[in-house]
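For the sequence shown, our numbering gives the first residue as -9, with consecutive numbering after it.
Honestly, I wouldn't trust all of these hints.
[Unchecked claim] Calculated lysine to aspartate or glutamate pairs in the DMTMM-like style (CA-CA distance at most 20 Å, straight line):
| # | residue 1 | residue 2 |
| --- | --- | --- |
| 1 | Lys306 | Glu265 |
| 2 | Lys306 | Asp328 |
| 3 | Lys306 | Asp204 |
| 4 | Lys306 | Glu187 |
[Stated by the list, open to error] Okay, the calculated beta carbon distance ranges per label pair:
| # | residue 1 | residue 2 | range |
| --- | --- | --- | --- |
| 5 | Val73 | Pro36 | 19 to 25 Å |
| 6 | Ser99 | Val21 | 27 to 33 Å |
| 7 | His279 | Gly392 | 17 to 23 Å |
| 8 | Ala153 | Ile79 | 50 to 56 Å |
| 9 | Gly261 | Leu175 | 34 to 40 Å |
| 10 | Tyr154 | Ala33 | 38 to 44 Å |
Everything labelled a hint here was simulated from the structure, so no lab data went into it. In this text, a Cβ means the ideal position worked out from N, Cα and C, and glycines have one as well.
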Amino acid sequence: MRSARAVRALPAVTAARRRARRLPPLVAESVLPVLLLLDVVAAYPPHELPAPLALTAALALPLLWRRRAPLAVFGAVAAAALVQWLAGIQLPADAALLVALHTVAAHSSRRVTLAAGAVVEAGVLLACLRWATDGAFLTPFVAVTATVVAAAVLGVNVRTTRAYLAAEQERARRLELEQEHLARLAVAEERTRITREMHDIVTHNLSVMVALTDAALATQHRAPDRTTAAMVQVAETGRQALTDMRRTLGVLRADEPDAERHPLPGIAQLGTLAEQMGAAGLPTSLDVHGDHTHLPATAQLTVYRLVQEALTNALKHTPAGTRATVLIRCTAGTVTVDVTDTGPRPPRTTTAGTATATAGTGNPAGHGITGMRERATAYGGTLQAGPLPGGGWGVRTRLLLGSGGATAA
C-alpha cells in the first residue's frame, strides 16, 4: 500500500523539484533554515525556547551562504554544533552539518572533503557517546556514519558531474571553433581555386580575342574573308569563355546545370586549344604519348590549365612568327608536360619549381606563374620555366598522380 502511494506521489515530487529549481537561489536556500526554526518553535514551550532557538539559528542560518562560502559556513555550523554538544541539547538542526558537508564536498577538493568528513564523524562519535540510550552505541553510530558518508559521496558526485559537464562544454566549444576554422579554410581554398580558374579563363580567352581582333583589323581591306573568319573565331572564343566561367562559378549555385552540360576540359581538348592558339597567331603543335583516358578528371584539368597558361604567355610576350610545341607524356603514375616556343624574350630570373618574373617584363610574377606553380605543387610536382639553350622559352612540370590534388586542381 505504501509503495503504491509512493509511486502515485512521484509525479508530484518531481514537479515540486522542478518548481524549486526555478526559485531564486536565496529563496531555495532559505527553505531548510525556516523549516528547522519552525520545528524548534513548535517543539519547545515558550519558557524553554530561547536556548534551543538560538542554537538552531546558529546551526541553520549560515546555510543561506553555503554556496558562496562553503568552508566558512561549514566551520560556523561545526562550531555551533560543538556549543550545542557542550550545552547538552539535542536538536533536529544537527542536519545542517550534513548539508554543510555535502556543500563542501560539492565545491572543494577531496582532501578538504575528507577533513570535513572527519570533523563531522568526530561529532557523530561524541554525540553517540553522550546521547545513546541503554548503551546502544553501535547501532546509532553506524546509522549516522552511513548518513555522513552518503552526504559526502553525493557532494563528490555533484562536483564530478559538474566538472564533467564543464569539460564537455569546453570540448563542444573547441569543436565548434575547430569546425568554424575548417569552414573558413575551406572557403579560402575554394576562393583561391575559383580565382585561379577565372584568371586562366579570362587571361587566355582575352589574349586570343585581342590577337584575333588585331589580325582582323590588319586584313579588313585586303582580305575581307580572313577578317570575317577572325571575327567568327572571336565570337566563338567569347562563347567558350562564357561557358568556362559558368562552369567554374556553377559550384556557387546548387541549381546551376552548366557544369553537367559542359564537362571539365582535359587532355582530349588540347587539340582544340592548339587550333585556337594557331588561329590567334601562335602556330602550336601537340604531341601526346601514352594513354590519358585513365587519368582523373582533376589531373587532366591541371594539365589543360598548365598548357593553356604557358601558351597564353607565349602569345602575349613573343613576336609574330613564333611557334609553340606541346609535349605530353602519360604513364601509370605520372604526367609530364613540356611547353616550348621559339620566340625571343628578355631573360628572366628562375629557380627550380618557380619563375620569379613574367615574360617580357621585369616585374614580379603575376597570378599566371603563381597559379601554375600551385597546380604543380598540388600533385607533388615542381614548375621549371626559363630560356632554352637553343633559344626560345620552355615550361616543364611533372605531376605525380599519387599525390592527390583533387581539391586544388
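Hints versus structure:
| no. | hint | verdict |
| --- | --- | --- |
| 1 | Lys306 with Glu265 | holds (17 Å) |
| 2 | Lys306 with Asp328 | holds (19 Å) |
| 3 | Lys306 with Asp204 | holds (13 Å) |
| 4 | Lys306 with Glu187 | holds (19 Å) |
| 5 | Val73 with Pro36: 19 to 25 Å | holds (22 Å) |
| 6 | Ser99 with Val21: 27 to 33 Å | holds (28 Å) |
| 7 | His279 with Gly392: 17 to 23 Å | holds (20 Å) |
| 8 | Ala153 with Ile79: 50 to 56 Å | violated (40 Å) |
| 9 | Gly261 with Leu175: 34 to 40 Å | holds (38 Å) |
| 10 | Tyr154 with Ala33: 38 to 44 Å | holds (42 Å) |
When held up to the earlier numbered hints, the structure conflicts with hint 8 and nothing else.
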